[in-house]
Amino acid sequence: MARSRSRYQSWGRYPQSEQTAEVAWNATDIGAGIAKLRGEGYLPFGNGCSYGDSCLAASGQLLDFGSLDSLISFDPATGRLVARPGARLGDISRIAMATGWGLPVTPGTSRVTLGGAVANDVHGKNHLKEGSFGHHISGLQLLRSNGEVIECSPEENTDWLYHTIGGLGLTGTITKIELALKRTPGPWFDVEPTRMEQLADYFALEQETGNEWEHRVAWIDCLAPKNSLGRGWYIRARSIADQRPVPSRINIPAPALPFSPLNSLTLKLFNNTIFHLGYRRGNSYRQDYMRFFYPLDSVSGWNRLYGPAGFQQYQCVVPDGDAEDVIRELLSLIASAGQGSFLAVLKRFGSRHAAGALSFPREGYTLALDFPNRQGLSELFQKMDDCVQAAGGALYPAKDAHMSPDFFRMAYPAWEQHEAMRDPAINSCFWQRMMEDR
Amino acid sequence: MKRILIIGATSAMAKGCARAMAEQGHSLFLCARKMAEIEELKHDLLARGAGSVSAMTLDINNLSRHKAVLETAYQELDGLDLVLLAHGTLPNQQQCEQNVDKTIEALQTNAVSSIAFLTRVANQFEQWGQGTIAAISSVAGDRGRQSNYVYGAAKNCLTTYLQGLRNRLDKAGVRVVTIKPGLVISPMTADFEKGPLWASADDVGRRMARVLLEGKQDVVYLPGFWRWIMMAICMIPETIFKRMSLG
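Going line by line, the protein sequences match chains A and B. FYI, in our numbering the residues of the first sequence are 25 to 462. FYI, in our numbering the residues of the second sequence are 1308 to 1554.
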């Protein structure tokens, strides 16, 4: 156990908060680390992939379990994998892939830790078919700050399982995770891009696309002219029986610049290029899982491109019914504010019952966008929040740095029960913010 | 498949290296001081697909156990192709200046124990006419600096020993590799302020595995840019260098 002098911040680099950490290098260190931190309070920290303040400790003291990344067992016959919470999803997929297994659900970066994936109940492009990450967790070991060890699974201590999946790390320190991997025909995907001229095209494509296309996602050009609102590319993909090895890829580190090269002009240019020339102009292609799932991982530290002020991501989900109208409204709010990003993504969530009490995924459509931090953003967010809230939608805590406590408590009614089950020594900046003026 | 013995196997860099080796199906014999940590690593390596993993505890400064460790590793692995010494401590320079025992202890752990162990391995490999010997030295051994010259002296001693050993064993067909990591994030360097030159232990370990299993190099800097940094540092004339204070 050692106090680390590395700098801890969230992926969006906003909000800034002074954070120090005790690093658990070995499983045997966790107890000592908790004993040291529990007086003033702490928060378990994985790899800092949450965008806002859900990975920052209210006390400013983190328990860094990112080096606690050992696998405990992996059975290539059943696909059952047990590991420590710091294991990276990228590491797990690579090992699984070698024996014909894969992650059933993966977010857009392989840098996420297993613990982080559980605590945020992350999702991928296949929610319709596979649900969220938490649906594939068959067991957890939870260490409470009073020393109590809780083994939870769909059979025992189900309440603890239900509140730890998507529980934002607040129920205790996860020390072991059991995951059911999924059989996969190989590491390659057949990818079929279709150009969308307007938002209605997305909903039409989503309806007509059959179950054989497990992964679907749309990239939206949110800086498009008003008459082609919602234009972009619809990407659908399916895993195929192609066993060729995956070529290794070059990692380009993003420079840490004192300013952001991403302004409305460069972004417009970028989006225009992607819309007109991108996605191989609509021809189908074959892509390996690394490039398909984690395109941005090849630019390490891309978050730094937003400059020292950082950025915020806005991710909401809106229910099925009038989703098309609500998303059109959101896109026009963004367009008229003249703000926007190169990452605007639209996906669909299926009807599967949520894996965790505070899980974000729920039936409907989810829109995610990055915004460089600048003046006028909170006004825009306020308008967007009103729109999402009126539609009965929700915002994603893992991406959030602005949500109002009222909106949170309305969208996540299990919060009261969660607060009761929270480990008294654990708290995050996010949770503290959400529990204000109660 | 290679049969590999790693001393100091639970150190952060060795762990990364062992993982990369395990993922390729090689067989490993692990030595380190703490049983609980060895067990954790053993399960990890097996889950990653290692051919076999066995282990025993060892305090490398207990020189009388070296022979038994080598014999056990040989038996468990049914032969031996590669020996990697990855143990080490980073002594507190100020304490060493005030305390002779601390200085001796640092030299003992970082140089003498390795030389003692490798003397046995070298004779064995020379007799077999094959094998790879590798040890983790450090860029700190390339030039003495006021901030850590006791550690630097120990690593320089190890580097020179390996250099001579390489010269001797080349004709026997035995490869000797000197690994010189730069700044690596690990428990050993937890107290240091980290900057852009710092590399993750897992990454350095995996690069090390590649060098040992696929490469042909004799002396490797990890990451590679340290070769140029150290070349520049070594070119500074002593009359100027003695007045400088490099971190």
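Derived from the structure by calculation, the hints contain no laboratory data. Glycine included, every Cβ here is placed at the ideal spot set by N, Cα and C. Treat each hint with caution, since some may be false.
Think about it this way: if two alpha-carbon atoms lie no more than 27 Å apart in a straight line, the pair counts; the simulated DSSO-like pairs of lysine-lysine are [claimed, not checked]:
#1 B:K1341 / A:K200
#2 B:K1487 / B:K1549
#3 A:K153 / A:K250
#4 A:K60 / B:K1487
#5 B:K1549 / A:K60
If we take Cβ atoms under 10 Å as the criterion, some of the chain A residues that face chain B in the derived model are [said to hold, decoys possible]:
#6 D93
#7 P100
#8 A107
#9 T123
#10 L286
> Failing hints, ascending?
Replying inline: Hints 3, 4, 5, 10 are the ones this structure does not satisfy, whereas the remaining hints hold.
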